[in-house]
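J.: Sequence:
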Amino acid sequence: MTTKLGVGIIGCGNISHAYLRLAPLFKSLELKAVADINMDAAKARAEEFPVRASTVEDLLAADDIDVIVNLTIPAVHYEITTRILEAGKHAYSEKPLVLTLDEAKALKALADEKGLRVGSAPDTFLGGAHQLARAVIDEGKVGRIIGGTCHVQNHGMEHWHPNPDFFFQPGAGPVLDLGPYYVTNLIQLIGPVKRVGAMASISFPERKIANGPREGEMLKVNTPTNIHAILEFENGAIVTLGASWDVWKHRHFNMELYGEEGSLYVPDPNFFGGHVEMSERGADVAEIAERGHPFGIANQPKDAPTQANYRCAGLADMATAIAEGRPHRCSLELAVHAVDVMTSILKSGETGEFVEMTTTCERPASLSPEEAEALMA
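Numbering (UniProt numbering), first residue to last: 1 to 377.
Accuracy of the hints is not assured; some may be wrong.
As a list, the in silico DMTMM-like pairs of lysine to aspartate or glutamate whose alpha-carbon atoms are at most 25 Å apart [as the list claims (entries may be wrong)]:
no., residue 1, residue 2
1, K114, D63
2, K347, E232
3, K108, E47
4, K108, E57
5, K32, E79
6, K105, E79
7, K347, E103
8, K347, E362
What follows is a set of in silico ranges between Cβ atoms, one per label pair, in the way DEER data are often shown [stated by the list, open to error]:
no., residue 1, residue 2, range
9, W160, F253, 19 to 27 Å
10, N222, T351, 16 to 24 Å
11, A75, N154, 20 to 28 Å
12, E139, T358, 30 to 38 Å
13, W160, A75, 33 to 41 Å
Since the hints were derived computationally from the structure, they do not count as laboratory data. Where is the CB? At the ideal position from N, CA and C, for every residue including glycine.
All chains, full assembly: derive it from the sequences and hints.
T.: What follows is the structure, given as structure tokens:
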């Protein structure tokens, strides 16, 4: 019989809808309650889903809650995750885990002291497409990865988000907001990063909100929005990362990895699914046949019917790992190293100097189709 963990959520903004909708897909999770500093927001979510609305304090003290998901804004991720651990609960945070390496190390020390688990998004690297790419690499089909390019570039969040201010403040920007998907996937595919170098700029000091009740309002940009970085991995691979909210259009592939024996084309790591392509020794690029991974099957509502979305997979894996006494894949160590990489990119952008990583981690275990299926209800 599967042991279910009681799940609470702090933070009832946009992303909470996905967690509440998708958690029932996984047999180890039992949603119990939601909380927000705005009680009306918590009550609104409780009307949509079969959970109770709670204050943050009551949720932290609830006896039926084993793990709390932190979906607050990034600026308070460290504070809220610390409170979760101090309350004796396991914690799972939306990305980024925290905004500084010192905060990440403090969370690790507290979790170790309390004997509690901390997990962190993104879990999209557990998706069918990215696990297929992982299998191709692990099977040696393209040889050792020696280089690559990654591009996450568009013209910003103010075009769709009704309250986009925090995206353009320190602690956000494209590196800390979208970078976690790319950096985490690179780590799980290649391994830990050794050092980084970057250049960064703010191309547009002001942005105009284009959606919602604040349409037309201007907001100030206080963090770099155009960053180009070089990542040197411990295995010797050198990968460039372009992260920008200043680009109207481009034709770059999301992620290309170059091996000694061929090239691998990986779809957007912001999503679970997509097509993986490969060229062996200069042959034509061809799509790799899927291997029946359940986290690659399209399951989105009618507004995005071709997309696969299995958010909560990382949380479910952590819940199962707690019961089985094994490491979880969206681990604290992985998230800490990703924070180290991303904050070092921003530091390099400020100083113009390469920055050596002070952390490392193991690649998370791969997730086979059978292992993924075992997580599902």
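J.: Now, for every hint given, state plainly whether the structure supports it.
T.: Okay, the hints, checked on the actual structure:
Restraint check for K114 and D63: satisfied, since their Cα atoms lie roughly 17 Å apart, inside the 25 Å limit. A distance of roughly 16 Å separates the Cα atoms of K347 and E232; the hinted pair therefore holds under the 25 Å criterion. For the given pair, K108 sits about 35 Å from E47 by alpha-carbon distance, which is inconsistent with the 25 Å threshold. Distance hint between K108 and E57 is fulfilled; the C-alpha atoms sit about 23 Å from each other, no more than 25 Å.
A hinted pair counts as satisfied when its Cα atoms are at most 25 Å apart, and K32 with E79 qualifies at roughly 22 Å. Taking the CA atoms of K105 and E79, the gap is near 13 Å; set against the 25 Å cutoff, the hint holds. A threshold of 25 Å between alpha carbons decides the hint, and for K347 with E103 the separation of about 16 Å falls inside it, so the pair holds. Note on K347 and E362: the hinted pairing holds, with a Cα-Cα distance of about 24 Å set against a maximum of 25 Å.
About 23 Å separates the C-beta atoms of W160 and F253, a value consistent with the hinted range of 19 to 27 Å. Checked against the hint of 16 to 24 Å, the C-beta distance between N222 and T351 comes to roughly 18 Å, which is consistent with it. At roughly 23 Å, the beta carbons of A75 and N154 sit within the given window of 20 to 28 Å. A beta carbon spacing of about 32 Å between E139 and T358 agrees with the range 30 to 38 Å that was offered as a hint.
Checking the proposed 33 to 41 Å range against W160 and A75 shows it is violated: the Cβ atoms sit about 21 Å from each other.
The structure shown violates the earlier hints numbered 3, 13.
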